[in-house]
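Peer 1: Below are the chains, spelled out letter by letter.
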Amino acid sequence: MHMHRLEKMWLTFGVAMLAVFLIVLGIGVFANGAQPPTTHAHGGHEKPAPELAEETAPFDKPGLHKIGDNEYKLVMVAIAFAYKPLEDKIVIPAGATVHFEVTSTDVVHGLQIPGTNVNMMAVPGETTNFTFTFKKPGEYLVLCNEYCGNGHEMMWTTITVA
Amino acid sequence: MTDTVLAKQSEADGHRFAPQDGKLILAHVLFAFGALVIGAIAGLLQGLVRGGIVTLPAGIGYYQLLTAHGVLMALIFTTYFIFGFIWASIARTLGDLMPQVRRMAWVGFALMTIGTLLGTVLILLNQATVLYTFYAPMKASPLFYIALVHVVAGTWASAAGLFVQYRYWRRKHPGQTSPLLAFMSVATMILWIVATLGVAATILAQLLPLSLGWTERVNVMVSRTLFWYFGHPLVYFWLLPAYMCWYVVIPKVIGGRIFSDSLARLSFVLFVLFSIPVGFHHQLMEPGISPLWKFVQVVLTFMVVIPSLMTAFSLFATFELTGRERGRRGLFGWLKAMPYKDVRFFAPFMGMLIFIPAGAGGIVNASNQMNGVVHNTLWVTGHFHLTVASGVALTFFGIAYWLIPAATGRKLTPKLHRLGIVQTWVWAVGMLFMSGAMHSVGLLGSPRRTAYTTYGDNAEAVGWMPYHVVMAVGGTILFVSVVLLVINIVLLLRAPRGVEEFPLGETAPDSPAVPVWLERWGLWVGIVIVLVLFAYTVPFADMIQHAGPGAKGVVTW
Ligand SMILES: [Cu+2]
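If you read the sequences in order, they're chains F and U. Numbering-wise, UniProt numbering puts 75 at position 75 of the first sequence, and it's gapless, one number per residue. Numbering-wise, UniProt numbering puts 23 at position 23 of the second sequence, and it's gapless, one number per residue.
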């Protein structure tokens, strides 16, 4: 098929840039481990019915759990229209690495912390995992960013990093 | 019959649609704009609520409005307009519609209309406040899903009619290349049919049985995957008809030629191949899909960069060649030769310009880990309004300004021309404010699809409010543009009688022949199927094998 000389150059340049971009992206994912939120290997957790999530580990004990030196597991359950833990204020030491484990008991929710890369979906029947290190102290807003019903805008909580 | 009609049409500028075809086209286009008006009222109210400017009178819910806005604008306005334009393209290039094709088109129109009316009533009754994504396990009224089935089935009936007409033409013209617009219409329909299989599957196999109470639970990940298998190519279903206008109509309007017929066809084929097996890039932030398969689909997503670059090159090459033929010199002197006062050019051209930053934003959204910064924030809403609501919508407005008079046998008068230019400017300005504010506040973290809230007067969220006010201002300006559009359409329907041309670009007489393999649809559909199987089989099997008991249907509104 006939192609104009300048168009050939334009497409060659474009495709080369695309290749560079995808390689950079791939290195980020596979070499540096900059993964989007995901699930731990299947079989690691059994999958209970979503409405029974709160009776099953780890979601029977929502909240912050110390698992190592400056390393924590933060278990959260999204329920229309709130997050558990409900009352316990979540206080995280500054500089600590936090492993989020999130699920939903009913519909699909979001869990986002503005100003950070923490942004994930809470899907009923599934566990979402994401790791983040809170470096800056302060009070962080946690909000639901997936429409979940008529109380959606009231679904939020806070995390304190001190 | 067809050949004499074709001969008549070759006196291109005097083209008239057969009255019955004109009626069919007009019905689709006017229905589209009717949906646009109702959707725009919902959109205006939403903007004002979110900006804290008004509170809705008791009984109307914000999310109800949001559902109406999304369904009527993103699904109904676009689909009706696209079918109106595609029927016009077919009738213009393949000859008057055959009687049985016309019947299929009206059956399609009737099914879509039953579905739309039923769906709208259910939304207004608060029986289906599930937004236009209707994510499981939210459970709308069964009638809402039945309404959606009607809309999809209607599009299939119409598409079948289109294929019948196309096959008839090819049988009658052995060895000939089909007209470019007809080729592009077929590509668009193939994409649509392959894509809608996903949404049909989740509605028929999962959501409707759930809603009727025949099943108690639904596999949420499967349903999300099927939805986005449809939801991403949906974007290209909106875009390809706009590209039809950019590739074929615009060259004629500016008095130039199509840059390359073969490359235009190749780019459409590539869009069909690379827009379907890539839905995971909408699901990057969720569990249940292994990171490897997410990455595979991210790579496939970015393959559309190739036809996009081809399209950009072709369009600007046409502009430059036309400008230089008119004696314009210098690196960008040809830009001055474009007919900015011609709304048939100006509206789609503004759409093209806005589409450049829109495409750049799309690259951010699909970029695997970078998506975490913007996922489900107002940035995405801003992106959406630059692509569909600007690039596509402005092009559709530009088409409507000649298609409505062409279908009714009237003239687009200079006065209506000017009104169209004003309407385009108002739209662009409104969008600049609204989408600019959405992109900015989205980067700060403000979520999409959320009613007015300051999250307990959280300092950060309070800081987002000025942006929300700008969004409301932009939305109001956009609404003014819709009002201008409606005025213009009413005036167009009463314009003086005459012949308005369907501008149909041609390639240079000495341009090389189009390779035959481009029209081997069996081959392209085969490759699509292979790509879909490659991108989906393993992760999809995983979702089914490792499914828990599933989620119960709920009504949370
Ligand atoms: Cu929620």
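None of these hints come from the bench; they were simulated from the model. Note that the structure is predicted; figures quoted are calculated from it, not measured. Mixed in with the good hints, there may be bad ones.
As the list claims (entries may be wrong) - Think about it this way: if two alpha-carbon atoms lie no more than 27 Å apart in a straight line, the pair counts; the simulated DSS-like pairs of lysine-lysine are:
#, chain 1, residue 1, chain 2, residue 2
1, F, 84, F, 66
2, F, 89, F, 73
3, U, 252, F, 8
4, F, 84, U, 23
5, F, 61, F, 47
6, F, 73, F, 135
7, F, 61, F, 73
8, U, 252, U, 23
9, F, 47, U, 552
10, F, 8, F, 47
11, U, 411, F, 61
12, U, 252, U, 341
Peer 1: All hints are to be evaluated individually against the structure, with a verdict given for each.
Peer 2: Comparing the hints with the structure gives:
1. F:84 to F:66: holds, 17 Å
2. F:89 to F:73: Since the Cα atoms of residue 89 of chain F and residue 73 of chain F sit roughly 15 Å apart, the hinted pair holds (cutoff 27 Å).
3. U:252 to F:8: With Cα atoms ~25 Å apart, residue 252 of chain U and residue 8 of chain F stay inside 27 Å; holds.
4. F:84 to U:23: Distance ~58 Å between residue 84 of chain F and residue 23 of chain U Cα, so the pair is violated.
5. F:61 to F:47: This hinted pair holds, its Cα atoms lying about 16 Å apart.
6. F:73 to F:135: holds, 16 Å
7. F:61 to F:73: holds, 11 Å
8. U:252 to U:23: This hinted pair holds, its Cα atoms lying about 25 Å apart.
9. F:47 to U:552: holds, 14 Å
10. F:8 to F:47: violated, 52 Å
11. U:411 to F:61: The given pair, whose Cα atoms are some 71 Å apart, is violated under the 27 Å limit.
12. U:252 to U:341: Given pair residue 252 of chain U, residue 341 of chain U holds - Cα atoms ~15 Å apart, limit 27 Å.
The earlier numbered hints that this structure contradicts are 4, 10 and 11.
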